[in-house]
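Chemist: Take a look at the letters that make up each chain.
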Amino acid sequence: MTATLEKPPVTEAPVKEPRDWRGPALFALVAVIGLVVMPLVLEPFRLGLLAKYLTYAIVALGIGLAWGQGGMLTLGQGVFFGLGGYAMGMHLKLNDAGDGLPDFMVWSGVETLPALWEPFRNPVFAIAMVVVVPGAIAWLLGTLVFRQRVRGAYFAILTQALAAAMVILLVGQQGLTGGTNGLTNFFEFFGQDVAADSTQRGLYFTVAIVLGVLFLGAWQLQRSRFGRLLLAVRDGEDRVRFLGYNPATVKTITFTLSAVMAGIAGALFVPIVGIISPALLGVVPSLELVVAVAIGGRFALAGAVLGAVLMGYAKTYFSEELPDAWLYLQGALFILVIGLAPKGIIGIISSLRRRKEAAA
Amino acid sequence: MEGILNQLPIGLSIAAVLLLIALGLTFTFGQMGVINMAHGEFIMAGAYTAYLLQGFADRNAVLVALPVAFLVAGLMGLILERAAIRHFYGRPLDTLLLTWGVSLVLQQVARDLFGAPNVQVQSPTWLQGSLGPMPYNRMFILLLAVGSVVAIWVYMNRSAQGRRMQAVMQNRQLAATSGINTGRVDQRTFFIGSGLAGIAGVALTLIGPVGPTLGTYYIVDAFLVVVAGGLGQLRGAVIAALALGLLNSYAEFWTNASLAKVIVFVVIIAFLQFRPQGLFVLRSRALT
Chain F
35 MTATLEKPPV TEAPVKEPRD WRGPALFALV AVIGLVVMPL VLEPFRLGLL AKYLTYAIVA
95 LGIGLAWGQG GMLTLGQGVF FGLGGYAMGM HLKLNDAGDG LPDFMVWSGV ETLPALWEPF
155 RNPVFAIAMV VVVPGAIAWL LGTLVFRQRV RGAYFAILTQ ALAAAMVILL VGQQGLTGGT
215 NGLTNFFEFF GQDVAADSTQ RGLYFTVAIV LGVLFLGAWQ LQRSRFGRLL LAVRDGEDRV
275 RFLGYNPATV KTITFTLSAV MAGIAGALFV PIVGIISPAL LGVVPSLELV VAVAIGGRFA
335 LAGAVLGAVL MGYAKTYFSE ELPDAWLYLQ GALFILVIGL APKGIIGIIS SLRRRKEAAA
Chain R
2 MEGILNQLPI GLSIAAVLLL IALGLTFTFG QMGVINMAHG EFIMAGAYTA YLLQGFADRN
62 AVLVALPVAF LVAGLMGLIL ERAAIRHFYG RPLDTLLLTW GVSLVLQQVA RDLFGAPNVQ
122 VQSPTWLQGS LGPMPYNRMF ILLLAVGSVV AIWVYMNRSA QGRRMQAVMQ NRQLAATSGI
182 NTGRVDQRTF FIGSGLAGIA GVALTLIGPV GPTLGTYYIV DAFLVVVAGG LGQLRGAVIA
242 ALALGLLNSY AEFWTNASLA KVIVFVVIIA FLQFRPQGLF VLRSRALT
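So the protein sequences, as listed, match chains F and R.
Taking the working numbering, the leading residue of the first sequence gets 35, the next gets one more, and so forth.
Taking the working numbering, the leading residue of the second sequence gets 2, the next gets one more, and so forth.
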């Protein structure tokens with residue numbers, strides 16, 4: 035009996051796929067446009083608007099990470115944005131006031147500086163709080179909520195309730211927070227006249243670079259083992275638990291990161307736009323950014339950024355040209371995108387590309 | 002002491018309104034896995050219905066408006082369900098965003114039709130006055146909620162349609178294989194839930210002005226009632242609405258209005274540490 039010894043099938047050495055350079059090339063292109071072309075062609079006012087949209091894009095990046103990658107629909111990013119913004123605003127107010135009290139406190143009859151405000155005189159402390167406060171609150175909320183396996187829509191509702199509560203709290207504490215008006219009328223930003231074109235230009239570069247760095251960081255995170263785990267938690271939380279990981283930890287870390295991003299965005303927003311107020315961080319602005327992410331494409335980090343910038347432009351354009359129609363348009367856009375193109379613009383582009391490749 | 006007593010009617014009537022709103026949400030969420038942000042605009046529609054009916058029924062508009070608002074809001078809900086939501090069953094996060102778009106559009110429609118400033122609905126003369134610390138209008142709202150809960154309970158437990166609704170809520174596939182037309186049941190649930198929001202809107206005209214964003218003030222709290230009460234649970238919604246309404250008004254009374262919501266939020270988070278799925282849970286072996 036001759037057993038024909040078959041040669042075992044040769045397992046081919048895995049062909050190392052050529053690195054896909056299209057992504058990094060696109061990033062470089064966008065960086066050149068953002069850092070060189072835009073500051074050259076845009077007048078200061080328009081550059082300021084773009085800077086504002088870029089701060090929104092930072093928040094959107096966090097939403098893309100938490101929602102797109104981690105499946106946590108957070109409707110309260112405005113809270114973290116606001117915490118960062120108020121921390122920065124408090125420092126600027128104190129800096130402007132010198133030895134006196136910030137103007138709005140005088141108006142609402144406050145006579146001594148509240149203890150909560152005192153440490154914000156120190157710029158290092160204020161900047162640290164921009165990161166620490168949103169991060170700590172998100173970490174606490176995430177730990178409490180995810181540990182109990184509260185998720186999906188429940189989590190969304192809770193974050194929304196947090197946003198609603200935050201607004202009412204800020205409006206009510208007039209003497210501490212400036213109430214409905216928020217903190218505004220800033221003059222000086224770290225020794226510079228905050229309204230000067232040169233300061234604003236510097237702020238634009240700052241926000242653009244911060245966005246770029248955070249984007250690269252988030253991108254790297256997405257490619258890492260942690261990023262894989264995050265996707266797995268999104269798609270099958272129980273299975274991940276059965277494999278021995280703790281999904282609550284993965285989610286809490288991601289949620290905290292997204293909150294920190296929103297906090298940084300808020301802090302940059304304040305000197306650029308010159309105001310932080312409850313109307314900028316409530317339920318509606320928080321939801322608007324989530325929808326912007328959905329429009330851009332929630333499953334890709336680039337989609338989140340794209341969506342936020344496009345939404346910002348659309349909002350400015352239509353509120354200038356057709357103020358009455360904007361709410362209709364906005365509503366219709368949400369309905370269409372969520373209904374017909376749940377993967378957003380990036381989804382449409384990549385499906386077009388796939389179709390072209392299939393045809394070729 | 003007197004303050005505590007005076008606060009009770011306010012807390013109870015807020016609880017009653019929250020309950021009327023949350024009933025619709027908890028059933029649509031529990032049965033279809035749908036989060037309907039436009040629910041708040043059905044409240045607004047109910048309130049404006051009462052406003053419009055003043056021309057017809059003068060000071061008794063509120064009474065006439067109850068059935069009409071139920072129909073108006075119910076039909077709006079039905080149209081929304083047929084036109085959009087039914088394509089998104091089981092995708093709560095997508096419906097949330099989708100219906101938020103709808104809610105934006107509806108608010109703008111109201112602004113175009115009735116103007117942005119608030120309007121006032123005259124309450125009937127026979128609702129002025131009070132019984133001890135309990136004003137008649139707040140008592141009326143309370144009775145409205147009690148009546149609605151009883152009606153829903155009878156519907157769910159004593160009618161064939163209500164039993165079908167429970168069956169679909171417990172296990173959609175099994176209900177479908179038993180010959181229940183689940184699509185029909187969904188439509189009915191949506192109609193009734195939205196109609197109740199309309200009634201809540203009429204009730205709100207008794208205690209405050211009516212504006213295009215009326216619904217947004219209550220929708221977040223109503224969702225918290227759903228979370229705390231447990232999905233699709235009538236008992237849970239009643240208890241949670243009572244607790245939340247009273248907690249809200251007493252927290253406002255003892256601290257101040259701006260801290261109350263934060264306290265409510267902290268209490269809810271603490272509560273979820275013990276009962277992460279709400280007060281009452283539909284038992285199932287399914288693994289989500």
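FYI, nobody ran anything at the bench for these hints, they're computed from the structure.
Quick caveat: nothing in here was measured; it's all calculated off a predicted structure.
Hints are not guaranteed to be accurate.
[Claimed, not checked] Computed cross-link-like contacts, SDA-like style, restricted to lysine to any residue with a CA-CA straight-line distance of at most 20 Å:
(1) Lys349(F) x Val106(R)
(2) Lys377(F) x Asp95(R)
(3) Lys377(F) x Val343(F)
(4) Lys349(F) x Gln109(R)
(5) Lys377(F) x Gln109(R)
Chemist: Now, for every hint given, state plainly whether the structure supports it.
Modeler: Structure-based check of all given hints:
1. Lys349(F) x Val106(R): holds, 15 Å
2. Lys377(F) x Asp95(R): Distance ~11 Å between Lys377(F) and Asp95(R) Cα, so the pair holds.
3. Lys377(F) x Val343(F): Cα-Cα ~17 Å, so holds.
4. Lys349(F) x Gln109(R): holds, 16 Å
5. Lys377(F) x Gln109(R): violated, 27 Å
Violated hint: 5 only; the structure is consistent with all others.
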